[in-house]
Amino acid sequence: MILHTHIGEAVYLDDIPTLPGELHGAFVQTKYAKAKLKSTDASPALAVPGVVAYITARDIPGRNTFYSGGGTDPVFVEEQVNYAGQAIGLVVAKDRETAVRAAKLVTVEYEEIEKPTLTIDEAVKQGREELAVNFMTGKREAQTLGDIEEGFKKAKNTLKGELHQGSQFHLTMEAIAARVVPIEDGYDVFSTTQWPTQTQSTVAEVLDIPAHSINVSVRRIGGGYGGKITRQHVVSSAAAVASRKLRCPVRIVVDLNTHMSLVGWREPYLSKYEVGFDDEGKFQALKVEMYSDAGHVPNESSVGFLGGPVQNGYHIPSLLFRPVIVRTDTAANTWCRTPGTVEALATIENIIEHIANFLKKDPLEVRLLNMVEPEVPRLMAPPLEKNVIKDDIIPLLKQKAMYEQRKEEVEAFNKANRWKKRGLSVVPLWYGYNYPSMFRYGIQVSIYEHDGTVAVTHGGIEMGQGINTKVAQVAAHALGIPIEKVIIKASDTTVGANSTVTGGSFGTDICCHGTKVACEALRERIDAIKGEELKKDSEKEMSWEQLIKICHLRDVDLCERYWTAGKEHPQRYDIWAACCLEVEIDVLTGQYLLRRADIVEDCGKSMNPFVDIGQVEGAFIMGVGLYTSELVKFDVETGVKLSNGTWEYKPPTALDIPVDMRVTLLPNASNPYGVLNSKATGEPALCFSYVVVTALRHAIAAFRAENGNEDWFEMHTPLTVEKVQQLCGVRPEQFRLSKRDGETCPEDFQMIDKDEVPAVAESDEGSASCSMN
Amino acid sequence: MTEGGIVHSFQPSASAVNTDIQVSKITEKIMASSVKLTVNGQEYEVDPATPPSTRLVDFLHEKNLSGTHVTCYQGGCGACTVVASFVDPDSGAKNTHSINSCLAPLLGCNGWEITTIEGLGNRHDGYHVIQERLAEYSGTQCGYCSPGMVMNMYGLTQSSSSWTASEVEQHLDGNLCRCTGYRPILEAFKSITAQDIEDSHLARCPKTGQACRGHCAKKENAKVGQFVYLL
Numbered sequence: 006m007i008l009h010t011h012i013g014e015a016v017y018l019d020d021i022p023t024l025p026g027e028l029h030g031a032f033v034q035t036k037y038a039k040a041k042l043k044s045t046d047a048s049p050a051l052a053v054p055g056v057v058a059y060i061t062a063r064d065i066p067g068r069n070t071f072y073s074g075g076g077t078d079p080v081f082v083e084e085q086v087n088y089a090g091q092a093i094g095l096v097v098a099k100d101r102e103t104a105v106r107a108a109k110l111v112t113v114e115y116e117e118i119e120k121p122t123l124t125i126d127e128a129v130k131q132g133r134e135e136l137a138v139n140f141m142t143g144k145r146e147a148q149t150l151g152d153i154e155e156g157f158k159k160a161k162n163t164l165k166g167e168l169h170q171g172s173q174f175h176l177t178m179e180a181i182a183a184r185v186v187p188i189e190d191g192y193d194v195f196s197t198t199q200w201p202t203q204t205q206s207t208v209a210e211v212l213d214i215p216a217h218s219i220n221v222s223v224r225r226i227g228g229g230y231g232g233k234i235t236r237q238h239v240v241s242s243a244a245a246v247a248s249r250k251l252r253c254p255v256r257i258v259v260d261l262n263t264h265m266s267l268v269g270w271r272e273p274y275l276s277k278y279e280v281g282f283d284d285e286g287k288f289q290a291l292k293v294e295m296y297s298d299a300g301h302v303p304n305e306s307s308v309g310f311l312g313g314p315v316q317n318g319y320h321i322p323s324l325l326f327r328p329v330i331v332r333t334d335t336a337a338n339t340w341c342r343t344p345g346t347v348e349a350l351a352t353i354e355n356i357i358e359h360i361a362n363f364l365k366k367d368p369l370e371v372r373l374l375n376m377v378e379p380e381v382p383r384l385m386a387p388p389l390e391k392n393v394i395k396d397d398i399i400p401l402l403k404q405k406a407m408y409e410q411r412k413e414e415v416e417a418f419n420k421a422n423r424w425k426k427r428g429l430s431v432v433p434l435w436y437g438y439n440y441p442s443m444f445r446y447g448i449q450v451s452i453y454e455h456d457g458t459v460a461v462t463h464g465g466i467e468m469g470q471g472i473n474t475k476v477a478q479v480a481a482h483a484l485g486i487p488i489e490k491v492i493i494k495a496s497d498t499t500v501g502a503n504s505t506v507t508g509g510s511f512g513t514d515i516c517c518h519g520t521k522v523a524c525e526a527l528r529e530r531i532d533a534i535k536g537e538e539l540k541k542d543s544e545k546e547m548s549w550e551q552l553i554k555i556c557h558l559r560d561v562d563l564c565e566r567y568w569t570a571g572k573e574h575p576q577r578y579d580i581w582a583a584c585c586l587e588v589e590i591d592v593l594t595g596q597y598l599l600r601r602a603d604i605v606e607d608c609g610k611s612m613n614p615f616v617d618i619g620q621v622e623g624a625f626i627m628g629v630g631l632y633t634s635e636l637v638k639f640d641v642e643t644g645v646k647l648s649n650g651t652w653e654y655k656p657p658t659a660l661d662i663p664v665d666m667r668v669t670l671l672p673n674a675s676n677p678y679g680v681l682n683s684k685a686t687g688e689p690a691l692c693f694s695y696v697v698v699t700a701l702r703h704a705i706a707a708f709r710a711e712n713g714n715e716d717w718f719e720m721h722t723p724l725t726v727e728k729v730q731q732l733c734g735v736r737p738e739q740f741r742l743s744k745r746d747g748e749t750c751p752e753d754f755q756m757i758d759k760d761e762v763p764a765v766a767e768s769d770e771g772s773a774s775c776s777m778n
Numbered sequence: 019m020t021e022g023g024i025v026h027s028f029q030p031s032a033s034a035v036n037t038d039i040q041v042s043k044i045t046e047k048i049m050a051s052s053v054k055l056t057v058n059g060q061e062y063e064v065d066p067a068t069p070p071s072t073r074l075v076d077f078l079h080e081k082n083l084s085g086t087h088v089t090c091y092q093g094g095c096g097a098c099t100v101v102a103s104f105v106d107p108d109s110g111a112k113n114t115h116s117i118n119s120c121l122a123p124l125l126g127c128n129g130w131e132i133t134t135i136e137g138l139g140n141r142h143d144g145y146h147v148i149q150e151r152l153a154e155y156s157g158t159q160c161g162y163c164s165p166g167m168v169m170n171m172y173g174l175t176q177s178s179s180s181w182t183a184s185e186v187e188q189h190l191d192g193n194l195c196r197c198t199g200y201r202p203i204l205e206a207f208k209s210i211t212a213q214d215i216e217d218s219h220l221a222r223c224p225k226t227g228q229a230c231r232g233h234c235a236k237k238e239n240a241k242v243g244q245f246v247y248l249l
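Taken in order, these protein sequences are the chains called A and B.
Residue 742 in the working numbering sits at position 737 of the first sequence, with consecutive numbering throughout.
Residue 155 in the working numbering sits at position 137 of the second sequence, with consecutive numbering throughout.
Only chain B is shown next, with the shape it has when bound in the complex (with noise of 0.2 Å):
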């Protein structure tokens, strides 16, 4: 489990509201309109007053990306995982892995690209493998810790290019279910290859169903002829 950078600002102290409004104060000084991030490939720019005990996870609500849940707000339940990409301050290297976005604390995403449930694949657009596999198992039952356990998964397959059974079970350690005991998501999760990925990471197309191949015109003009027609 990773270990939470804001937990103090849920101390009991009388003191813990005015620090944030004084370290917010200066943290505007020093960070004023520097924080940027995307998010599912939309661009933002934080807004230099929001204190420093914000979360990802609270912005995310806040742009009304709601399928990314919260349990425990202690980074022990995965119901928040989202997958984030970012440059290794250390290598250089880009890293993309799955985070609880609930520990991940906004001041420090700058730079970070984000993907949520929602980026991953919707009505709209498609949906992704990960997705589709889940239901097809009957992975899901009430529902509410399916986005972390999809977007753990997608994390996965986007830090390796290949992955053990085990290493799906290891990886998902931290996602809790009190539904469905587990074994169909690991089921649907371990029969998911590569190669499905490769297929899968572009959305599916709105007119024929399948993976969009990048034969068709911009994905936008099939989206806007669809609904000229529907109109």
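The shape of chain A in the complex, shown without the other chains (with noise of 0.2 Å):
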């Protein structure tokens, strides 16, 4: 969140000038996923006057991947290519246009050119898959918890099913981007990044230079998402190679279309069910297996995490959860905000409302019904003290929500129309939060003895979720001074050296958490001095500035540097959301407008309201885009990212949020642990987005029985407008009016074999693009 003063001020990376002999980079990039370089002729694109060089991995003096620590993602492609949009080269030249165009006449023949895997199902087939590491034991093999096969030996009754779940681009507003400046003894680096430490790691790497010559520094970013944690690394690592070998500034901001085809994105997961249960509805066993595709490679799959989620509040005794690791010839996909969990969580919602379908019980009351008591074990998460959604949310969200009177008007509703249908579905969310040890950051505390004020600097990113203006608040509270007084500086690699990561939700929490710390204890050392000086003088009156003064003189040290040790962690907290929401849909074009959201969420004792609202209605609206909107395609002849621009990529816009959207953070939850009794907001209401794929369940559930169809339907995301008109199974013999007023669904219009209602919408067989599922 930035301040009003900074509206149209706030400075980003392409917002800085450019320095005299400022050179720009442009890519050249793969157009098959799958084959060989055979040559490569850039003599077009030097000719073009204004154009300097072209960059290849032959420049590079160092190791070619952007990817530091062991790990390999080539920054240029020497022979293999991995998929298409990857980089091949640089075209450098004096201005950024003249770049873009000239890259594009550079000519790459290929060879050995080969169809790609674009799908899990297709590198299932063919055994590019393997199990993924059990953080728990080390080994990579399933995760467990009680006796699974006694557990469907019990079970009464037992359903199977399958839900695909598609990608997502982060679509960050402002793209990745670095400037690389040599300086006397090295490199200043600017870039994108949400983890300065790696941003340096792979430029040491790459040029093969020490990391103490290379300066990264961050004012802001323009969204991150996880976008910006490893994959913006390209980009600063082919701008290092360029102007080490140019010995020049340059500069690399890619445009849109570069930007969704140069990276990965979120991971498309397929998620297999075998479940259990008694003629309630409770669970008694469930094996899940989810398969994430990692794209070329595994370096950041997140499916081996999901054991923990995949139980949302539930209470499971027996549970096989298998995590699986695909490779495609894809862009290697990353973390995107609640990176798995959201998927996860959907598994387990598609469940319940396979369950609840099976029983024809109300799936809120298949959700009640197996809500997981305090003490019971989990797997890969500790026992909850208190199960808050069963307890205090859902009591509140259905009051709020006014849920059983607008069930009842959904139904009358859906009663009195026939090609207007609606649907109301709540989706609770557990969100186990456990700070990881290696999420560590460097704080400084600066106090100026010229005037009191203070400037703060810590090793996290402000992209958007409002660090910064916590970690000030923070700071303010802790040192007793208002809160103009305090700055919040650039994140850099020399105060804020080794910092971790910013995401996950973990930076806000242990950046307040440290500059806590730090500001206690320089507090500390000026009350002993205004102690010391009261007791000279019990009368003495010393506003903030005069004490500060007074230190100064007296040789106490004014800044504070606290190294956010993971051992010094606060303790592990949960957190509870739940939403309830209302969709309406036009059958006949499958069209539909969210009519109203009522959202709950723990946020413990708020920090700032106005941020964590904000950070819940994002997160929520984000989430309806991966579920509906967000659709990719592939050319499945070449690999070709086909969604890589607005005109074919889409993200929800002002008019695609829902009518009316409330949204309520907990009263009366104060969290015993964490940072002064608050809970993190940056990413847990995405998951529960999963509501907008049940309710819209609902509403062409509603179509389908009244056409004389009640049996279960997948439901693969993201549902797109025609989806959802596929789904409903609409047949031309139902364009036929009523025999008399009133009748809505004469007996002859029923569909004429319910079997033929596709379960799955295959949009697009038979044309030259594929769906990503």
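Just so you know, the hints here were simulated from the structure itself, not pulled from any lab data.
What you are looking at is a predicted structure, and each value in this text was computed from that prediction instead of being measured.
A hint or two may mislead.
Here are the computed distance ranges between Cβ atoms for each label pair [said to hold, decoys possible]:
#	chain 1	residue 1	chain 2	residue 2	range
1	B	A183	A	Q596	34 to 44 Å
2	B	E154	A	R577	27 to 37 Å
3	B	Y62	A	E454	42 to 52 Å
4	B	H142	A	P487	22 to 32 Å
5	B	N128	A	I21	22 to 32 Å
6	A	P614	B	S180	30 to 40 Å
7	B	H142	A	P22	10 to 20 Å
8	A	P187	B	S180	52 to 62 Å
9	B	T211	A	K540	56 to 66 Å
10	B	K54	A	D100	14 to 24 Å
11	B	E154	A	L593	22 to 32 Å
12	A	E550	B	T211	48 to 58 Å
For each residue, glycine too, the CB sits at the ideal point set by N, CA and C.
Both chains come to you apart, so use the hints to assemble them.
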């Protein structure tokens, strides 16, 4: 969050004026996913006036990878192409426009072109799968709780199913970008990074120079969502190689087409499940396999961490979770706001819907029936102290959303309307929040003796989540001064040396914790002097400014640095939420409207409700995009990503949000753990956005049921408008007038054969492109 | 969305660059010294050698007006929105509305008056009510889309003397924001009335912080006075 004083004045990477002689780079990218480079001819590009050089892998003095610490992901292709859109080289020119245009003139010849593997199903068929590492045991094995075989033996009913969930482009409004400026003892690197330490390491490895000669500085970035944790390092590495070779400052700011094709997105997922349950709908046993598509190299798959999240807030007495990573001929996928957690939650919520459909029960009843009690053992998560969903959130949400009344209204509406249907659904969320010991940040608080103003530098990155706002609040609170006296400086690799990535909603919490510790140490030193002064003269009145002056004269260090050591992290806690959403679909066109969303989220004692509500709403809408409109398509022959711009890829816009959106932060919810009794808010709300799928399910199911088909149907996401239309299964025979007034569904209007209703929307079969499921 | 007239320059054909050079030579002959525009009240004459593919937004960045951002370069995200006033060649009437500066060819802006976020309000001269309202309603997170959002709303208020909540929603449909989920932006802009705009169309007074009522001497004097005082 930025202050109004910054609208139009906040500086992002490309807003920095160019230095004299600064050059601009543009990538040459592969046009096939599975092929070998035969030859490259850059001479047509080099002939363009203003073009200075063509940089390739041969110009890299160190390792050709932008994944430091042993991982591989080439900066530039040497021979084997891994995916379409991968960088082959960089055209460097005096201005950006010339570089971009000249990059298109580089001719590339390929050989051994093959049809690429683009989906999880294909990859599994080809055996390109491996079990993920169980992080509790360090082995590649499934994660289990209870006796799964016994559980299935006892189970009264069993169901099987599948759920495909598609990818999502982070779509940071600011693209990935970098500027590398040679200086007397190395390089100044400006990068749109969530992880400056890693930017420093990758540049050091690529250039084969020491880390201390690289200064990375980040004022702010225009959105992150995980897309700038490692992926932008292809840009900073390429700029560094060019800058070293040409001995000039080099800037690369990619356009959206390049951004979308050059780097990986959110991992696509496939879940396969078998569930055993009793006649009431209580879980008895569950087997879940989750396949994550890591892209061409599995550096960043999240699937191994999902044994906990796949239980949500439910009690599953016996559970087997098998996390599988597959490789495809696509860009290496990466973390994206609640990576895997949202897909795991969607999986269990889909299973609940499946059970409810089988038993013809209200899915909310099945959810509440399965709520886990405190102290019950859980897979990959400690037992709960309290089930806040059951005790506090669902009762409040039902009241706020007028659930019972609206459920009746929705049913009445569906009876009265033939071609419009509504659906109402509630999805709860348990989100285990455990500070990983590797998430550590350097923090320095400096008080200036001149006027008592304060500057804080922390190793976290401001990307819109409000870390700077909250850190300033904490500093002002801990020092006991007005917030106007506090300013937050850019993050850098000197004060913030070795700081970890800002991600997973951990950055804000831990930087606030560190700021609090540093400010308390300062306050202690200052208070000691104050005490001594008051001993000398008990009447002495000292303003903050005077006190700071005295401290300075008495040789007190007015700066404090703190390293947020893993062993000193606050204790873990659980985050709770639920959302109730009502949708309306147009059966004939598949268009839908989100009529009303009610959200209740437990933020503890919110440090800043404006920031926290903003995080909740923003994450929720990003999730709505993930599950509805954001479809990625590839050319199945070449593997070229066809959804590579705003004309082909559709995030939610202002008209796509719920007509009525109400967010409530759970009242009286102080958190005994965490920082200042608060809870993290950056990511959790994305998870319950799966409610858009369950609500659409009920609307679609209402139409299908009216036509005699109450069977379960699979809903693979994203649910684009055409998929919703296809799932409704409208048949031309249904376009008839009613026999009598008030009769909406005469018998002869029924679907001819319920099996003919498409279970899976295969919208792109036979066309030149395919959906990523 | 507006149809783009400059997309051709990105076709991957070997002749594209040469064609542009040829066209720019022709352009030079026909239009030499003839393209003038104002940005935030300042007049600029475009260098006649400017290639026809140059976008208005590139020109703004060249003039260090970097508050206007770019995300997509294809008219689909609204980050580059500025407000343009020009005389409609058909009707002869003066039109004012928001445009995507990434799709506007610079050489097509002859005689246009452009307002960017810097011209609307800034920390030296005071902020416009649209900027203030967006901040009050927490309508910014990463802030990258904010200048485009503000200029879009400003365009609506300049192209019409009144607007409904629904029109505000419709008008913002071409501006993407990935952080906020739009609700606070829409609420901020829906709260703005024609009277607010009228009160805010002049810059804030650096002395009083209130909208300039034109009572005191020139704005310049106030600034100089302040500067001297600080010295």
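Cross-check of the supplied hints:
1. A183(B) with Q596(A): 34 to 44 Å: Between A183(B) and Q596(A), where Cβ atoms are some 22 Å apart, the hint is violated.
2. E154(B) with R577(A): 27 to 37 Å: Roughly 36 Å apart at Cβ, these two residues keep to the hinted range, so it holds.
3. Y62(B) with E454(A): 42 to 52 Å: The hinted range 42 to 52 Å holds for Y62(B) and E454(A), with Cβ atoms some 46 Å apart.
4. H142(B) with P487(A): 22 to 32 Å: Given range 22 to 32 Å: holds, Cβ gap about 24 Å.
5. N128(B) with I21(A): 22 to 32 Å: 30 Å, holds
6. P614(A) with S180(B): 30 to 40 Å: 33 Å, holds
7. H142(B) with P22(A): 10 to 20 Å: For H142(B) and P22(A) the Cβ distance comes to about 18 Å; the hint holds.
8. P187(A) with S180(B): 52 to 62 Å: 56 Å, holds
9. T211(B) with K540(A): 56 to 66 Å: 59 Å, holds
10. K54(B) with D100(A): 14 to 24 Å: 23 Å, holds
11. E154(B) with L593(A): 22 to 32 Å: 42 Å Cβ-Cβ, so the 22 to 32 Å window is violated.
12. E550(A) with T211(B): 48 to 58 Å: At 42 Å between Cβs, range violated.
Checked against the numbered hints given earlier, this structure breaks hints 1, 11, 12; the rest are met.
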